[in-house]
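Colleague: Single-letter residue listing:
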Amino acid sequence: MRRLGRWWTEPLPMARFAVFRVVVYLFIPVDVLLTTPWVAWHADVPTELYQPLVVGGLLNLPLPTRLVVLGVQWALIVTALLAATGRSPRLLGALVFLLYFEWMVIAMSYGKVDHDRFAFLVALAVLPTVGVARWRDRGRSEAAGWALRCVQVAVVLTYFFAAWAKVRFGGWDWVTGATLTRAVIRRGTMWADWTLDVPNLLVGAQWLLLGFELLSPLILLARSGRARVAVVAFLLGFHLMTYAAITIIFLPHVVALLSMLPWERLRRVTEDSAEDSGDAGAASGTPSSPVSAPGGRPDR
Amino acid sequence: MRVAATDRDTTLGTTGRAVRLLAAAVVLVLATAGTVWGQDSAFPFGPFRMYSTRSGTDVPVNSTRIDAITAAGVRGPIADADTGLRRAEIEGQLPRLIADPSLLELIAQSYVRRNPDRPPLIRIEIVVRRYELRAGAATGQYSDTVLAAWDADDTTPEPVP
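Residue numbers (my numbering), protein chains in the order written: chain A, 1 to 300; chain B, 1 to 161.
By construction, these hints were calculated from the structure, which means they are not laboratory data. The structure presented is a predicted model; accordingly, all values stated were derived computationally and were not measured. Do not take every clue at face value.
[Unchecked claim] What follows is a list of derived Cβ distance ranges for each label pair:
| # | chain 1 | residue 1 | chain 2 | residue 2 | range |
| --- | --- | --- | --- | --- | --- |
| 1 | B | Leu28 | A | Ser224 | 19 to 27 Å |
| 2 | A | Gly131 | B | Glu105 | 45 to 53 Å |
| 3 | A | Arg268 | B | Arg129 | 50 to 58 Å |
| 4 | B | Ala23 | A | Leu91 | 25 to 33 Å |
| 5 | A | Thr270 | B | Leu28 | 33 to 41 Å |
| 6 | B | Ser102 | A | Trp207 | 43 to 51 Å |
| 7 | A | Thr176 | B | Ala18 | 40 to 48 Å |
| 8 | A | Val167 | B | Ala23 | 22 to 30 Å |
| 9 | B | Thr32 | A | Ser224 | 28 to 36 Å |
| 10 | A | Ala227 | B | Asp9 | 22 to 30 Å |
| 11 | B | Thr32 | A | Ala205 | 25 to 33 Å |
Glycine included, each C-beta is placed from N, C-alpha and C at the ideal position.
Bound-form chain B, shown alone (with noise of 0.2 Å):
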């Protein structure tokens, strides 16, 4: 169907304003009450909450990363396109991780996966680097912390450091 540009200025008719004001009333209230009480599980109504907690001036700064061994031998990070989670997402499953280790040969699964070629894993450690604060300045001191480890042959998960 082809139409012509036009030239006519289109009201709305009593019903489509009514629906239409009713569907925008709904909407801000959803998401005024996801603002208010919700939880990330309510999106799209849920709180808009990135970067919204206070980090203490002489708290350190957490920053987690997971490290490898592949099974040539080779040692070192591994980046989020590797893994297909971001490290937010291993951030935010981290308690599930830190009670389960075992669940880390999901991720040696989907690493697989995305990197058909290359030598899989047979270590996977998630590592927190901890950055000294003082007075919301960096000290340049960091420590690092292994939250969580799962080896290859053996999948019994090890206890929490």
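For reference, chain A alone in the conformation it holds in the complex (with noise of 0.2 Å):
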């Protein structure tokens, strides 16, 4: 139990969460307006048809009308762009995943219920925990740790809980099912159309990702930089060869991914070509010598 508290808040690079957190803040007003576009439909549709969740009776949530969904919409987008900034982060960063997570409910009450979302709420909730951040941070922090450590629990959660809720609602003979089939005649691209005249295809693949899914707690244990790279690029892939298949992509889930790059090695490639030499090592993070005049650089 220690030891898995211990893990949980490594203290782990300030620099690496302060550009993880721009970019997450970066994302919202990418998906709001542009890559989820169907929640802000929802502003024109009658609120009889809105569904609550369990949430939403809860926490008395106000109906969707259209103002709220606007109202939602816009304070979402300027908070999070303010949030990027870096000010106030514990504020603007509570603002931000409270208007999310409505946005959120808006987004799932009316009869379907996405999950591709879970790793990226996460996220927005512990972002807020850790105060003033800057990339050219050079300490590690225990409670950046605990956060990008939280994020990266969920993003393995998502995989490992959709394997377990295979198994719960398809039973374990999903994998010889037609799922990939049905998601293929319903939403297949011409790049994948083709793999429906070969149908034990389709099958091998579920054996694959259901396989994926429960091993993926592997994830956590990829220590070096290089093997959380070479995570980040497989999953990518995975990713992108779905949306390339069935336009189906975890936009959100994929920005939560990114918690796992090394992004602290943006400033040491800045830095390479000023005064900064050598100790690119990895693992200490504590520059060898103390050169770096913060205030007599420009800030970015």
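Make the complex out of the two chains shown on their own, each in a separate frame, by following the hints.
Modeller: See below:
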């Protein structure tokens, strides 16, 4: 138990956290306006078609009238952009989380619930807990470590629990069924339609998918920067392939996945050209000589 | 407030660590419970069930769409963006819409809101296309069935076919 606690709060580079946080907040306007436009469509849907979730009743959330939907939409975009500047990270971060949560309630309360946003919601919930973080920070932080670890665990759980749901709702013989065939018939692209002529191919893909999802906790064992980059590349490949086949991509989940990347190296890359030389080694994170004089450099 | 970049490592206090670990444990328990026992309505702690049901290899694949006739007399399928509801959302509410087809008038209303410059809809049909499967492969055969229909001037529910 103690070891688990130590693992979960292992200090990680503040710079990694800082970059990830900006990426998450900047993704929100993209998500709301471009990649998930159908949430805002609900502004035009009569509220009689609203099918409240349990949480909507528990928290007494308002009926998603046109005014509520558009109000939440623009408040969310503005707050996320402000939060991306790094100012008042706790206050603005908490507001972004609450607004995005309500945005998701508006999204999922019309008869269909997606599960591509669990890790992204966890990310939004934990980002405000770290306080001020800058991408030029050289230190490590246990608070940042906890937050990044939470996001990674949520990413892994999204895969692992998806396998669990397949066994729960589909049974162990889910793998021999026609679930992927059904998906390709309903939403297959020109890149996927040929697979329908090879039925065993999609059954094989179902075996691979369930196997990968069940083994996904191994992702958390990737310790070195190189291993984590490889894991992220593999997972991105998986999601891009899915997108090419049936135009479904878990984009918020993919953004959460980026929490695994060693973003702190961006700082090293930019500083290598300046006075910092050597010591790009991954382990300590503490520079060998404290040559940086932050006040002497432009902040960006 | 301007804070300079820092070289310092920072640690958590006993309380800060305990609260964080407790919060993580609570979310973990809720997510696990939702996966084991929950339904969709438990979002964000519901089961991660996209594509979790098993489709039989000889059971037809259903694909639902909305067909409509506009006041200009044009008949055709209506896109998700025109009704404000995704296909999966229509399918999620299908039992309700079949039981009371007059609810389709709500879809006509959102069509008008989303397309104020186009002629309104005078008839809406929810159609399911069933693609035949044999041993997991599509045979190329399909059939269309109207599950629910609504007419603009006649709001009395039609019998379920």
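Colleague: Hint by hint, which ones does the structure fall short of?
Modeller: Of the numbered hints, just 4 does not hold.
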